[in-house]
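Asks: Sequence:
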Amino acid sequence: MPDSLPADSVGIVTPQSYHFDTPIELACGQTLESYDLVVETYGELNDDASNAVLICHALSGHHHAAGYHSMEDRKPGWWDSCIGPGKPIDTNRFFVVSLNNLGGCHGSTGPNSLNPATNKPYGPDFPVITVSDWVKSQSLLADRLGIQCWAAVVGGSLGGMQALQWSLDFPDRLRHSVVIASTPRLTAQNIAFNEVARQAITSDREFHDGRYYDFNIVPRRGLMLARMVGHITYLSDASMGEKFGRELREEAYKFGYDAEFQVESYLRYQGERFSESFDANTYLLMTRALDYFDPAYEHGGDLSRAIARARCEFLVLSFSTDWRFAPERSEELVNAMISARKKVSYAEIDAPWGHDAFLIPTPRYTDVFTAYMDRVAREVGA
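In terms of the numbering used here, the sequence shown opens at residue 934 and continues consecutively.
It is worth saying that the hints were derived from the structure and are not from the lab. Heads up, a few of these hints could be off.
[As the list claims (entries may be wrong)] Straight-line Cα separation of at most 30 Å, DSSO-like style, residue types lysine-lysine; simulated pairs:
(1) LYS1275 <-> LYS1008
(2) LYS1069 <-> LYS1275
(3) LYS1276 <-> LYS1053
(4) LYS1069 <-> LYS1053
Please work from the sequences and hints to get the whole structure.
Replies: Dropping the structure here:
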């Protein structure tokens, strides 16, 4: 952390926790009688509450999207490159809301929270959550914050699915939906990757059918392997080649099975770090929410019919080397929007970093994103 805060940073931020006593009915048929959502906000809400922007996070994301929690932080929030004064989501103009989703493991009610019925962690008893459930809980958060209509709902990857779902479930409560590096549904290959990750976790002998909290342990190896699999899919072959190639950690082969290549060492490091900060049951929950997302399902597979009820405008962005959610998936979504006669802007960004490119401020990405959000700000007088 530098001695002073960057001029384009939102600065030191403090998360807030909102408690909800009104039961929320979930798509799986279960009900949460009460729950908490942890939130960070940046910028100021204007007098008519028209300048609010909701940030929806991806699988391993959380509420800390920008700024720092203290001067000792080594890194800012996960999307600090895009949120702050003068950045695409300009906090001099917008009031930005970022939350940890229901089912998360960073303060919002999730599997590692105490179940009031048992006074033990929910663990595997926590309900399976869908993208629609998240959007419903976010709408109740908006009510609490006095926001009737978002200027924009913005998200990348799984966050982009939420931004799309907002336009379908609450068409009158957002002016713009920004869907970045996302897809209208997972391919069979994507579902397969998620299943491998879940099997890595559930086959860990420390998993204990999801009740590892009772033993004061963590299925660390399974979570590490799940993250390693996921991380490979977030990077492109070119970016991995450029970063690691076939470089060895030392000068010669060791003729063993320890990490000899730099890429092996990197993946193990990323997996180990992740296993120390994320909850295994939440990982299962989040990947299943990804699998289930399919707005066209209730419309006989017709995505255009599903999107017909949306009233907002859309920005859809994809990245050329993203093979997890390839540009073809975004184009499928855009074509359905055009067929449904919706206003949509689309750009495929040439970037070498694969799926993770939505987190990296490349010039064309930043320019397109900034130009669109500038128009959103002007529309609401911000």
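Asks: Next, verify each hint and record whether it holds.
Replies: Outcome of the hint check:
For the suggested pair LYS1275 and LYS1008, the alpha carbons sit about 39 Å apart, so the restraint of at most 30 Å is broken. Pair hint LYS1069 plus LYS1275 holds up; C-alpha atoms about 23 Å apart against a cutoff of 30 Å. The suggested pairing of LYS1276 with LYS1053 is violated, with an alpha-carbon distance near 48 Å, which exceeds 30 Å. Restraint check for LYS1069 and LYS1053: satisfied, since their Cα atoms lie roughly 26 Å apart, inside the 30 Å limit.
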